[in-house]
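K.L.:
The listed protein sequences derive, respectively, from chains R and X. Going by numbering that gives the first Met the number 0, 24 is the number at position 25 of the first sequence; the sequence numbering is gapless. Going by numbering that gives the first Met the number 0, 303 is the number at position 304 of the second sequence; the sequence numbering is gapless.
Mixed in with the good hints, there may be bad ones.
To be verified - Facing chain X, a subset of chain R residues (Cβ under 7 Å, in silico):
no.: 1; residue: ALA22
no.: 2; residue: PRO24
no.: 3; residue: ASN25
no.: 4; residue: MET28
no.: 5; residue: ARG29
no.: 6; residue: ILE32
no.: 7; residue: SER43
no.: 8; residue: LYS46
What the hints assert, rightly or not - Restricting the straight-line Cα-Cα distance to at most 30 Å, the calculated cross-link-like pairs of lysine-lysine (BS3-like) are:
no.: 9; chain 1: X; residue 1: LYS125; chain 2: X; residue 2: LYS50
no.: 10; chain 1: R; residue 1: LYS46; chain 2: X; residue 2: LYS248
no.: 11; chain 1: X; residue 1: LYS67; chain 2: X; residue 2: LYS50
no.: 12; chain 1: X; residue 1: LYS158; chain 2: X; residue 2: LYS67
no.: 13; chain 1: X; residue 1: LYS187; chain 2: X; residue 2: LYS248
no.: 14; chain 1: R; residue 1: LYS46; chain 2: X; residue 2: LYS386
no.: 15; chain 1: R; residue 1: LYS46; chain 2: X; residue 2: LYS187
no.: 16; chain 1: X; residue 1: LYS248; chain 2: X; residue 2: LYS386
no.: 17; chain 1: X; residue 1: LYS362; chain 2: X; residue 2: LYS67
Unchecked claim - Some residues of chain X that are not near chain R, with every Cβ distance over 12 Å (derived):
no.: 18; residue: ILE102
no.: 19; residue: LYS125
no.: 20; residue: VAL326
no.: 21; residue: MET327
No wet-lab data here; the hints were simulated from the structure. Please read these numbers as outputs of a predicted model, since none were measured by experiment. For glycine and all other residues, C-beta sits at the position ideal for the given N, C-alpha and C.
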Amino acid sequence: MAMRTILALGETNLEAAGRKVMATPNANMRFWIITILLVLFGLSSLKIR
Amino acid sequence: MLLELFQWLAQDIRAFNVFAYITLRAVLATMTALTISFILGPAVIRWLTAKRIGQAVRDDGPQTHLVKAGTPTMGGALILLSLGISTLLWADLTNRFVWIVLIVTFGFGAIGWVDDWRKVVERNPKGLSARTKFFWQSVIGLVAAIYIAFSISAPNNEKAIELFIQWVGSGFTLDMPTKTDLIVPFFKSVSYPLGILGFIVLTYLVIVGASNAVNLTDGLDGLAIMPTVMVGAALGIFAYVAGHAGFSKYLLLPYVPGAGELVVFCGALAGAGLGFLWFNAYPAEVFMGDVGALALGAALGAVAVVARQEIVLFIMGGVFVAETLSVMLQVGWFKYTKMRYGEGRRILRMAPLHHHFEQTGWKETQVVVRFWIITILLVLFGLSTLKIR
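Working from the sequences, and respecting the hints, build out all of it.
P.N.:
Below, the structure written as structure tokens:
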């Protein structure tokens, strides 16, 4: 009956920083890059249909 | 390259006509460059580390930067690789402006490569001498300036050469169409007639100046690349408008047939830049080095000239301008006071400007993100010149 976790820490940003995979600013900026891409993808739906 | 393939396929399957749209190819170029950066990034960093191509840190810089010594540099090669492959895949390779911008970008990248290689691999602290570097920058800048001067006024290369011969034959006095005028933002009918020589000189200064300005800005993790991405993306919009007969007429900007294809290049630049930022974000796993900084700055300058937006580049690239001015003022004032008072005095605690703010107590990431915020505002201000005039 051991409790298991999917991530080392929730939320995903803490998972990345907590596991020492990424430094905090690194995790921040990479999440921003992903958001920029998602925004661009969303904006492209204006023209591509 | 793929455009030709899709045009051939479109003869049988009409759906492939969708690739004729510049906007779609720009989005795909962004995605392609980003994907290439993500895939090749770790391998390039491993290779640079294995070859011990590590950054030397200036000993008169901030003490907090000493830990950066040995971080792999020349990562600009990754940017150029993904930018080049993506542009060659998605751009119309019959377009003159794509080629001239690529040649300028890779030409300046080659200068940076040689400089970095000598400094980092051959352990020659002087690298390429300032005179040699400036000579080759001038050669590429002048050749590009002369080519662009005639190509934006002529519909094809044959006409451009004819125009050039006429200009030389006239004893360099031939007048150019108004497309070479310097566009003044926010004014409908104000533009400064440069003439051919004036245009060539301005273009040369814009390309070489932008290249060195980005190089000076490249001193903190992520500081140079994000403003380059933002300014590059905005210039892509200007190039699209300049290359579109309808939009350029509506927005009262000069129509430069073919300039729109540069959106694909700018998209690839944004994708390659964001892909690089992934590894360059604080604490950086790799630095771009001169190979990246000189190339990216020259690329911005060349696109701005073709899109006829030199002043807007000056506005949007305000961070680059401020960094350059900070060095010029600091050095100038130091030399002047040393001559006048026998003791060199400083305006800033340290130049370039980003080091000054670090010395006042800002953390590196604070300086970087705040300079990004300023660039966002300047880019929005620059984009507003499209409509407000």
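K.L.:
All the hints need checking, so say for each whether the structure fits it.
P.N.:
Against the structure, the hints come out as follows:
{"no.": "1", "hint": "ALA22", "in the structure": "holds, 5 Å"}
{"no.": "2", "hint": "PRO24", "in the structure": "holds, 4 Å"}
{"no.": "3", "hint": "ASN25", "in the structure": "holds, 5 Å"}
{"no.": "4", "hint": "MET28", "in the structure": "holds, 4 Å"}
{"no.": "5", "hint": "ARG29", "in the structure": "holds, 6 Å"}
{"no.": "6", "hint": "ILE32", "in the structure": "holds, 5 Å"}
{"no.": "7", "hint": "SER43", "in the structure": "holds, 5 Å"}
{"no.": "8", "hint": "LYS46", "in the structure": "holds, 5 Å"}
{"no.": "9", "hint": "X/LYS125 x X/LYS50", "in the structure": "holds, 20 Å"}
{"no.": "10", "hint": "R/LYS46 x X/LYS248", "in the structure": "holds, 21 Å"}
{"no.": "11", "hint": "X/LYS67 x X/LYS50", "in the structure": "holds, 17 Å"}
{"no.": "12", "hint": "X/LYS158 x X/LYS67", "in the structure": "violated, 52 Å"}
{"no.": "13", "hint": "X/LYS187 x X/LYS248", "in the structure": "holds, 12 Å"}
{"no.": "14", "hint": "R/LYS46 x X/LYS386", "in the structure": "holds, 21 Å"}
{"no.": "15", "hint": "R/LYS46 x X/LYS187", "in the structure": "holds, 29 Å"}
{"no.": "16", "hint": "X/LYS248 x X/LYS386", "in the structure": "holds, 12 Å"}
{"no.": "17", "hint": "X/LYS362 x X/LYS67", "in the structure": "holds, 15 Å"}
{"no.": "18", "hint": "ILE102", "in the structure": "holds, 28 Å"}
{"no.": "19", "hint": "LYS125", "in the structure": "holds, 34 Å"}
{"no.": "20", "hint": "VAL326", "in the structure": "holds, 26 Å"}
{"no.": "21", "hint": "MET327", "in the structure": "holds, 30 Å"}
The structure does not agree with numbered hint 12 stated previously, though it agrees with all others.
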